[in-house]
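Participant: Sequence:
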Amino acid sequence: MKFIYKWFILSMLITSIYKYRYKIANSLLGNAYIRRYAVNLSMKIPYLRSIFIQSTFK
Numbered sequence: 002m003k004f005i006y007k008w009f010i011l012s013m014l015i016t017s018i019y020k021y022r023y024k025i026a027n028s029l030l031g032n033a034y035i036r037r038y039a040v041n042l043s044m045k046i047p048y049l050r051s052i053f054i055q056s057t058f059k
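Read in this note's numbering, the sequence shown has 56 at position 55, and its numbers run on one by one without any break.
Some hints could be false.
To be verified - No farther apart than 30 Å at their CA atoms in a straight line, the calculated lysine-lysine pairs in the DSSO-like style are these:
id, residue 1, residue 2
1, Lys7, Lys20
2, Lys3, Lys20
3, Lys59, Lys45
4, Lys7, Lys24
5, Lys24, Lys45
6, Lys45, Lys20
No lab work stands behind these hints, which were simulated from the structure alone.
Generate the whole structure from the sequences, applying the supplied hints.
Facilitator: In structure tokens form, the structure reads like this:
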């Protein structure tokens, strides 16, 4: 019974996050410190960095 309860809660949490993913992303990226951290983190990934640099200097 405890196993089913945990899976139910986990599935509801995942469903809620998926349903409100854009609201969550907008609220997180609305904070300057979190946005700066996200940009710094994404620039450490070579593939994303090359895409950003190419689109910037087109």
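Participant: Each hint should be assessed against the structure and marked as holding or not.
Facilitator: Hint check:
About 20 Å separates the Cα atoms of Lys7 and Lys20, which keeps this hinted pair within 30 Å; it holds. The straight-line distance between the Cα atoms of Lys3 and Lys20 is roughly 26 Å, inside the 30 Å bound, and the hint therefore holds. Restraint check for Lys59 and Lys45: satisfied, since their Cα atoms lie roughly 21 Å apart, inside the 30 Å limit. With a C-alpha separation of about 25 Å, the suggested pairing of Lys7 with Lys24 holds against the 30 Å cut-off.
Taking the CA atoms of Lys24 and Lys45, the gap is about 25 Å. The hint holds against a cut of 30 Å. This hinted pair checks out: Lys45 and Lys20 have alpha carbons roughly 29 Å apart, not beyond 30 Å.
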